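Just so it is clear: in the sequence shown, position 585 is 585 by this note's numbering, and no numbers are missing.
Hints listed in this document are in silico derivations from the structure and should not be mistaken for laboratory results.
A couple of the hints might just be wrong.
[Unchecked claim] When the alpha-carbon atoms are kept at most 27 Å apart in a straight line, the in silico DSS-like pairs for lysine-lysine are as follows:
id: 1; residue 1: K563; residue 2: K602
id: 2; residue 1: K120; residue 2: K462
id: 3; residue 1: K130; residue 2: K32
id: 4; residue 1: K639; residue 2: K561
id: 5; residue 1: K333; residue 2: K3
id: 6; residue 1: K550; residue 2: K632
id: 7; residue 1: K78; residue 2: K428
id: 8; residue 1: K610; residue 2: K550
id: 9; residue 1: K547; residue 2: K518
id: 10; residue 1: K378; residue 2: K15
id: 11; residue 1: K284; residue 2: K384
Computed from a predicted structure; not experimentally measured.
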Amino acid sequence: MSKDGFEIKNHALIKSMGFKCGLEIHQQLNTKTKLFCHCPVGLTDEPHDAEILRHMRPTLSELGEYDGTALMEFKTKKNVIYRLYRDRTCTYEMDDTPPFLVNQEAVDFAIKLALLFNCKIVDELHVIRKQYLDGSIPTGFQRTMIIGIDGWVPYKDKKIEISQVNLEEEACREVSDIGHSIVFATDRLSIPLVEIITGADMKDPGEAAEVCRLLGNSMKITGLVRRGIGTVRQDVNVSITGGDRVEIKGVHKVGNIPDLTASEAYRQKGLIELKSIFKERFPKPESIPYIDAVFTSVFSGTPNEIGRRLESDVPLKVTGLLLPRMVDIVSYKLQPGRDFGFELSGRVRVIACIDTRPNLFFYSQRENYDIPDNLWEKIIDELKPGRGDDIVLICGSGEDIATAISEIKIRIADLAVGVVDETRQDIKDGTTDFERILPGADRMYPDTDHPPIKITEERVEKLRSGVGEPLWEKQRRWRELGLHEEQVKALSLSPFAGLFDRLASEFTNNEYSGHLKKMAHICTAMFVGLRRKGFDLTAVDQFRLSKIIKGSVHHNWSYNKLKHILILAADGIIDTEASEKDLTDDDFTILWNKALGEFAAKDGDGSKDKFRRFFAGKLLEKYSNVSEVIAKIDNRLAKLSTLA
1 MSKDGFEIKN
11 HALIKSMGFK
21 CGLEIHQQLN
31 TKTKLFCHCP
41 VGLTDEPHDA
51 EILRHMRPTL
61 SELGEYDGTA
71 LMEFKTKKNV
81 IYRLYRDRTC
91 TYEMDDTPPF
101 LVNQEAVDFA
111 IKLALLFNCK
121 IVDELHVIRK
131 QYLDGSIPTG
141 FQRTMIIGID
151 GWVPYKDKKI
161 EISQVNLEEE
171 ACREVSDIGH
181 SIVFATDRLS
191 IPLVEIITGA
201 DMKDPGEAAE
211 VCRLLGNSMK
221 ITGLVRRGIG
231 TVRQDVNVSI
241 TGGDRVEIKG
251 VHKVGNIPDL
261 TASEAYRQKG
271 LIELKSIFKE
281 RFPKPESIPY
291 IDAVFTSVFS
301 GTPNEIGRRL
311 ESDVPLKVTG
321 LLLPRMVDIV
331 SYKLQPGRDF
341 GFELSGRVRV
351 IACIDTRPNL
361 FFYSQRENYD
371 IPDNLWEKII
381 DELKPGRGDD
391 IVLICGSGED
401 IATAISEIKI
411 RIADLAVGVV
421 DETRQDIKDG
431 TTDFERILPG
441 ADRMYPDTDH
451 PPIKITEERV
461 EKLRSGVGEP
471 LWEKQRRWRE
481 LGLHEEQVKA
491 LSLSPFAGLF
501 DRLASEFTNN
511 EYSGHLKKMA
521 HICTAMFVGL
531 RRKGFDLTAV
541 DQFRLSKIIK
551 GSVHHNWSYN
561 KLKHILILAA
571 DGIIDTEASE
581 KDLTDDDFTI
591 LWNKALGEFA
601 AKDGDGSKDK
611 FRRFFAGKLL
621 EKYSNVSEVI
631 AKIDNRLAKL
641 STLA
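With these hints in hand, go ahead and build the complete structure from the sequences.
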């Protein structure tokens, strides 16, 4: 099935383009404090305590060169505003004091994950500065260090290369980005991250998503990383034969990867085709006869989109740019619903900061705007387009329009290259948009604030002993136990996978081994269902949960009965520190009569169900034989017509 002429779901066709994909997975580590200071880890919903304003400027590399991305960000002339929180940030994050020594808990966690992925651990850690001028890090650079190299993970009948495992600091949270002003929250800043970099070993979009899930779930199941929205991001690198590496930045949902990478493959294919057309038509791109003119007076006071923008309190102008012999180039389809005009629009949005779309108004696409023909005629009279020419209108400040025209010309000239190295952002419809020029090696340089950190063999071997069984081995074992594939996938995501393994080790090869699928269902679907209803079992002692589940199997409880007991556990009614004393029949009778009196005084409506919860809570604070306690209560209640 094609989408706007693009067969996005045809992965075999995408593969035939010479599709290659690599991943960079950024996962927050589950440490108590940040990477280079002692501030606690965690986001906040509280109002910020202060704001500071900064402007970013590029600096020369060690070789005396500027990084292209840094220069691009400098063109945006952003006012960068940071929101500060007293209990989440300190002077380190604001670059007002040097960093503390590296958080060794984070180093240990990163080494364990590198070992999990079969990496060789480096002998010595060196902190490196990676320049970022987008404002997301107040220092203007991110501190990072290589932990492991030359690793691999098994996938189908091959090994996926893990080229590097890095430890680095998290950036700020973006709050808003409008025009020349960008606002960041600093609570997330400097949370420890592990970065997993793979080789370009995925050969179709489906493989890219599957390997991403394998790596992400392998980390989550260790307990070494944080879970939840915003704790992990995937950068996906894509190329095809004749193309070049393009990075799709910050993909939050693994399920979006197939469509995004397929769209990018088609985009590169289209740019390669445009390269031939462009080079034949314009052997010397620098000689293209562009013409521009100002049309502010034409639109001033008119009832259309451009006219309404001119009513702004900020003085704006309108400029038209003639694009000679480019009408077919502008409308050339590159992604579903996206043409080359959208590529130009993306550059203008990011670099010129004219970000209200449509930010470019093409004459060839005039049916998409509310600009009447009589206004277009005035523009045509001035610019005098010929056959095959197009016109683009831009509305903005004089300085922004100058930047926009420059970027349009640069992007058009880049057609002679074909696929340009760049970073792109994912859009909800499965396509991508320009984010920035792809950074080069010039932005990396040594950090002078940190001494090298020696990693001894003894430390590595001690950490290796605590790595545990890899996820792919767990999955193989779960399949051998007879679990169906959906249960294997669910356990791979579950924080209760370890609980299931403990139960399985006790129930395998005995009369209850046939209940393993039921226990897998409890540890996955049932626990998820209870969490969605507000009963979170992750804080409950897993030894206690194990006893409850074993009791349900031994006594053949219904799912409803088990759910009721699990709700008691989630509510904290079952004390995880309760003694291991069992409830005798004599004790039960004494406590029953006492509880009836207390219940009548507290809530005299005679509800058997309310009494059941009340009495169960009382008993389960003291007695460990959960299944027997519940069974005794139910048996006694079944014999009574009322509580009286």
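Each hint, compared with the structure:
no.	hint	verdict
1	K563 to K602	holds, 26 Å
2	K120 to K462	holds, 15 Å
3	K130 to K32	holds, 25 Å
4	K639 to K561	holds, 18 Å
5	K333 to K3	holds, 12 Å
6	K550 to K632	holds, 17 Å
7	K78 to K428	holds, 26 Å
8	K610 to K550	holds, 25 Å
9	K547 to K518	holds, 15 Å
10	K378 to K15	violated, 49 Å
11	K284 to K384	holds, 23 Å
Taken one by one, the earlier hints fail for this structure only at number 10.
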